[in-house]
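Given the coordinates of chain A, assemble chain B onto it according to the supplied hints.
As a plain string of letters, each chain reads:
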Amino acid sequence: MKRTIPLFISAVTGFVLIGTAFIPKFVDWGNDAMAWFNLLAAFAFILGGGNLLKMQLQKISAQQPGWGYAAVTLIAFFITLFVGLAKVGVNPSVKFPEFAWSGEFQEEGSAFWWLFEYIFYPLSATMFALLAFYISSAAFRAFRAKNTEATILLSIAVIVLLGRTYAGVWLTGWLPNEPIIGTSGITYSDFHLPHLSQIIMDDFTTPGMRAITIGIALGVASTSLKVLLGVDRSYLGSDQEA
Amino acid sequence: MKQSTLIWTMLMVFGGLSLIVIQFNRGKGEVYVREVPVEAKASSKTSPEQTYRWSTYQQVPEKEKGKPSVSFSLSRTLGLWVAAFCTLAIFSFLYGDNPLYKFTEAVFVGVSAAYAMVVAFWTEIVTNLFAKLFPGFARMSFLPDISENVQSDLLYLIPLVLSVLLLWRLAPKGSWIARWPLAFFIGATAGIRLISYLEADFIGQIQNTIMPFIVFDSKGSFLWIDSLRNTIVIVGVTSCMVYFFFSIEHEGVVKYISRLGVWFLMVTFGASFAYTVMGRIALLSGRLDFLFNNWLGI
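Protein chains in written order, with the working numbering: chain A, 325 to 566; chain B, 696 to 993.
The shape of chain B in the complex, shown without the other chains:
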């Protein structure tokens, strides 16, 4: 191990341990919850009336500690520490690739893949496939609010069959079968997107650009600021479109117009860059706020 690596590692370990000791001594990094009792009556009219009781827990600020029905939450406190650990482990990549970062990265891959699957299962497969094909069974199990008049929609057997064919890709033989649902997927995307993009983005944007160069108010007086703004937009869009038009040589007048277009594009890219930086900085400040405010309580 290089001397600098050793020094940095020792510093980080020492810093981490100190942080943990300070936290325990100050009693920070704890989460408190208020118990909210829930009482619900069975919805079924045929069965005898039965009352169900359970409790939910709402997170409260630490200053409410000691008030009635407010208690320490071990699971959420543990969660706070896990979140702090995850945040610091990812930030440790700034120092260099290390086992701590790799560990949290592996956790992230596993959790996010399963998270996407679970969300897709409950929001799409159960709600839009299972409930459409077997409404009676869905009503008795996951979705009791489905009306009793709802009948099976057998048309949904088609997406079910296509979905099963899609999973065939994982099979060792005949994986080409998965091309059929993929073809439906691609065809539907192309068909829907072609119309929607042409309607909203092509025609819509051109429509918005067709506006008067010279603007007057209702009394007939000239509004030079509005006229200038309209002119900038029309000239800007036209010059940018000229720059994107590659079927003619960019020479003579076209060259100057396309140059103007490039300047407008540079303005757009500069603003987009600034927004991207600000978005990332906002996320960073959110994580630092979490560490210093929620976890350390500074």
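Chain A on its own, in the form it takes in the complex:
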């Protein structure tokens, strides 16, 4: 029962939704399933929050190393949750001013907006910006033109990087717009780095991306079938669960 019913539920849901794609009358079922899916995803966030709470409380109660940071996490979590759910500082909607709770929860000037604007956004943007240093450092250490493949990768990366910035214009902007002798219609300016970068993106990157996309689609289709047919049961976890 612990494994059979979930397998049955996933198979029925999956195959019914596949079937609805071929029967126009039932296409709306797919939309309903997506709405339910989004609701479950929303509840999964609550589950995630509950799990975070459990882990941090365990850390604090066991006085593990760094438990103070767990306390900071919990304080930040509860403050954000409270101001967001209680709509602190949110004015009512202009259309329905008599309904105090009718305003947008992310309204400019509200406490939740303040937390997003001055804490969440700067922190997430800076975290990702940090990667610029590490990518550059890793590239500097690892990028070596050892063979043909590595040379292609390196030179394309350099051309695209320069071609998509002002450096490309600055370095190759002097090339004249005159035809190259012995060629029909090819000019020196065709070798401007921004132009070369555009050609690479349009003509040489497209085949690779297309092949990868086709491969991903085949992978998704086969994995989906394995899940629906009960061949892949890894999502059910182990039998030892309470």
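The hints are simulated quantities; they were obtained by calculation from the structure and are not laboratory data.
Please note that the accuracy of each hint is not assured.
[Unchecked claim] In silico DSSO-like pairs for lysine-lysine, Cα to Cα no more than 30 Å straight-line: (1) A:LYS383 with B:LYS797; (2) B:LYS868 with A:LYS326; (3) A:LYS419 with B:LYS736; (4) B:LYS723 with B:LYS797; (5) B:LYS723 with B:LYS760.
[Said to hold, decoys possible] Pulled from the structure, derived: some chain B residues nowhere near chain A, Cβ distances all over 10 Å: (6) MET707; (7) LYS758; (8) LYS760; (9) TRP817; (10) VAL845; (11) SER916; (12) GLU946; (13) TYR951.
The structure presented is a predicted model; accordingly, all values stated were derived computationally and were not measured.
Every residue, glycine too, gets a C-beta built ideally from N, C-alpha and C.
Below, chain B alone, put in the same frame as chain A:
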């Protein structure tokens, strides 16, 4: 403490303090807002007409300081300083793992988890579950724009029950019950994704690759650039697909074709790498712009 660590720490503390003193003396790092009065009339036709008044505040450039209805905003100024502190604290990781970084990291984890929960609550649970099950109550509380003709959609009891079962995972006993909604989740994902990926990514991409090797314009003259471009795309996709085909040995002609495929893939990876680097650099320049322009006003 190592001597180098001590020197770096002293330098950073001294630098930070100097920055704060300079900022206060220059009067920068302040945010000014314009008050915008709002006047709204009650929407209910039955109740006596009543007017509600409040104010909203719009951020304005510092040069508008002193103009009528423009005032200093303590909360936004404080926010600017908090954002600057957060940015510098995260950047301090470049020097090494330190308590300042760990503190902001802990704040980030807490705020982002709660942020996701709040957004999910207001955009999904209230709008798509609560309003569908109890439209009357939702109309009287959070969503007054729901039409009075809307009836309860009892079908939404199913996702409600599944959601409650999902939260059962946190219970000490019977957490296996959470597998049922999870199975629905996985089954729905597999069913929807299987069709959409096959339609858009598999058939769609193959369809886009089926194009003429030789291109002529409407007057019948040969367009060699377009022909070359089409040929590159067709040969590129085919050779990459040959490289991904592992059911046959990559020997003889297949070996050379798959080698060509690898070169096309290297071009793709090189361009993707360049784009990733540029994206991160753009974020970095955004943060530096914030520090130097918005905060320091340089």
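Structure-based check of all given hints:
1. A:LYS383 with B:LYS797: Holds, at about 15 Å.
2. B:LYS868 with A:LYS326: Holds: LYS868 (chain B) and LYS326 (chain A) sit about 13 Å apart, inside 30 Å.
3. A:LYS419 with B:LYS736: holds, 8 Å
4. B:LYS723 with B:LYS797: holds, 28 Å
5. B:LYS723 with B:LYS760: The hint holds at about 12 Å.
6. MET707: Given a closest Cβ separation of 17 Å, the condition holds.
7. LYS758: holds, 21 Å
8. LYS760: holds, 19 Å
9. TRP817: Answer for TRP817 (chain B): violated, closest chain A Cβ roughly 5 Å.
10. VAL845: holds, 15 Å
11. SER916: Consistent with the label, SER916 (chain B) stays out of reach of chain A, its closest Cβ about 13 Å off (over 10 Å).
12. GLU946: holds, 19 Å
13. TYR951: Check passes; 13 Å lies beyond 10 Å.
In summary, the one numbered hint that this structure violates is 9.
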